[in-house]
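Novice: Sequences and hints are given; from them, build the entire structure.
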Amino acid sequence: MRIVPILLIAVLTPLAAQEIKMPASLDKLAAKADETVDVTLDGPLLKLVGKFLSSEGEDQPARKILSGLQSITVKSYEFSSEGQYDPADLEEIRAQVKAPAWSRIVGVRSKKDRENVDVYFKDGGNGNLGGIVVLCAEPRELTIVSVVGTIDPSQLASLGGQFGIPRFDFEIGATWRDAK
Amino acid sequence: MTSRLLPLFLAAAGAAAGAGHEFDRVVKAIEQQYGVKRTHIPLMGLANFVVKVAHPAGSAGLKLAVFEDLPDAGDPAELNRFMTDKICTGRLHPMIVTRERPSGESTYILTGELGKSTDLFIATFEPHEATVIEVTVNMETLLKMLAAPGKARGMFESDRDRDDGR
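Line by line, the protein sequences are chains Y and E. Residues 209 to 388, numbered by our numbering, are exactly what the first sequence covers, in order. Residues 924 to 1089, numbered by our numbering, are exactly what the second sequence covers, in order.
It is worth saying that the hints were derived from the structure and are not from the lab. A few of these clues could be false.
[Said to hold, decoys possible] In silico lysine-lysine, PhoX-like type, Cα no more than 20 Å apart, as pairs:
#1 255/Y with 1067/E
#2 1074/E with 283/Y
#3 272/Y with 229/Y
#4 283/Y with 240/Y
#5 951/E with 1009/E
#6 1067/E with 272/Y
#7 960/E with 1039/E
#8 272/Y with 255/Y
#9 1067/E with 283/Y
#10 1039/E with 272/Y
#11 1009/E with 255/Y
#12 259/Y with 1039/E
#13 1009/E with 259/Y
#14 1039/E with 1009/E
[Unchecked claim] Far from chain E, some chain Y residues (derived; all Cβ distances over 10 Å):
#15 240
#16 252
#17 268
#18 298
#19 299
#20 345
#21 348
[Said to hold, decoys possible] Simulated coverage check for chain Y against chain E, where a stretch passes if three residues somewhere in it have a Cβ under 8 Å from a Cβ of chain E:
#22 242-249
#23 310-316
#24 332-342
Glycine is no exception: its CB is placed at the ideal position from the N, C-alpha and C atoms.
Specialist: Right, here's the structure in full:
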């Protein structure tokens, strides 16, 4: 009888932690981009890295956050001129991060820098996040970040600037708490 | 005591042999894909000795294979298919992939055996040249690579490559 909840957890956990499927159109973008960087960090590697970060000082938040992560995927494209990518290229990703499972927590439209940033959070329950997707579009640059796993929002900023993830100019954890 | 040490020794020996096997497998796959043979590098043994002693970029052990006169390794989609289907199987997982369109250069950094020291495979393809490096890096070096993935390839460039601005 006890096997039923175990089986349910085993079946549902992978579903809850499903990764965002990167659209095939991104391969075409890679052919147009001057520079592309793809980073794929899976659970075993993240856990290993987390173990070697110090449990004190500035490494502590990163160590804590890595322990709950299952994967980090970053795709970054730099173009020599503007208009090389179509905003529609991101629609396939946006279609996967819709309510009720996902919420768009941050949407920044900068007229001056012509930079658009969208941050989507997946509710992981117990005040934690279950996943994050960041879409960062500039005229000559496009960055897509997908983080899967249990994340404490207050630790989130420590991921910015690491693993190819852009630094966040806003207090992302507070934004999540405000939205709840 | 001996009976307890023996499995540990066998496991360590197996891991080391496995890493060597992966390098040979990668080299063979490139040779088959492009119909070329790896270029003989004179004094490679000396390079190995220097790496073991000096440990540049926190590395230990080094295997290097260079391939010249490739028919065409410049198509990113075809290269990606080759890497996914033939190379990134079994123990090797892609960690960082970078491409520079102007030079036609693609670099794949793959992880092998994970641990306090991690086996890395760095495969760099230019339209008519390829280089494969197997190296064991310490955690500090791995963390540096992950902090700035776009610059990770540069950590294993030779001085000549850096001077050439490659």
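Novice: Does each hint hold? Answer for all of them.
Specialist: Verification of the supplied hints:
Annotation: proposed proximity of residue 255/Y to residue 1067/E holds, straight-line Cα distance about 16 Å (limit 20 Å). Between residue 1074/E and residue 283/Y the alpha-carbon distance is near 15 Å, which keeps this suggested pair within the 20 Å criterion. Proximity of residue 272/Y to residue 229/Y is assessed by CA-CA distance (about 26 Å); at most 20 Å being required, the pair is judged violated. At roughly 14 Å between alpha-carbon atoms, residue 283/Y and residue 240/Y fall within 20 Å of each other, so this suggested pair holds.
With a CA separation close to 10 Å, the supplied pair residue 951/E and residue 1009/E stays within the 20 Å bound. About 19 Å separates the Cα atoms of residue 1067/E and residue 272/Y, which keeps this hinted pair within 20 Å; it holds. Using a Cα cut-off of 20 Å, the hinted pair residue 960/E and residue 1039/E is violated, with the two alpha carbons roughly 34 Å apart. Straight-line distance between C-alpha atoms of residue 272/Y and residue 255/Y comes to about 10 Å, which keeps the hinted pair within the 20 Å bound.
As the CA atoms of residue 1067/E and residue 283/Y are separated by approximately 19 Å, the hinted pair is consistent with the 20 Å bound. Between residue 1039/E and residue 272/Y the alpha-carbon distance is near 19 Å, which keeps this suggested pair within the 20 Å criterion. Proximity of residue 1009/E to residue 255/Y is assessed by CA-CA distance (about 27 Å); at most 20 Å being required, the pair is judged violated. Of the pairs offered as hints, the one joining residue 259/Y and residue 1039/E holds, with about 10 Å between alpha carbons and a cut-off of 20 Å not exceeded.
A C-alpha spacing of about 31 Å is found between residue 1009/E and residue 259/Y, which places the hinted pair above 20 Å, so the restraint is violated. Straight-line distance between C-alpha atoms of residue 1039/E and residue 1009/E comes to about 27 Å, which puts the hinted pair past the 20 Å bound. The claim that residue 240/Y is not at the interface with chain E is violated, since a C-beta of that chain comes within 10 Å of its own (minimum 8 Å). Taking the minimum C-beta to C-beta distance to chain E, about 6 Å, the non-interface status of residue 252/Y is violated against the 10 Å cut.
Distance to chain E confirms residue 268/Y as a non-interface residue, since its nearest Cβ pair spans about 15 Å, more than 10 Å. Under the 10 Å C-beta cut-off, the non-interface status given to residue 298/Y relative to chain E holds; the minimum distance is some 20 Å. Here residue 299/Y stays apart from chain E, with its beta-carbon at least about 22 Å from theirs, past the 10 Å limit. The Cβ of residue 345/Y sits about 18 Å from the closest Cβ of chain E, beyond the 10 Å cut-off, so the non-interface label holds.
No Cβ of chain E approaches the Cβ of residue 348/Y within 10 Å, the least distance being about 13 Å, so the stated non-interface status holds. Coverage of the segment 242-249 of chain Y by chain E holds. Counting CB-CB distances below 8 Å, 8 residues qualify, and the rule asks for three or more. Using a Cβ-Cβ cut-off of 8 Å, 0 residues of the segment 310-316 of chain Y lie near chain E, which falls short of the minimum of three, so the contact claim is violated. For a cut-off of 8 Å, the count of residues in the segment 332-342 of chain Y with a CB near a CB of chain E stands at 0, and the three-residue condition is violated.
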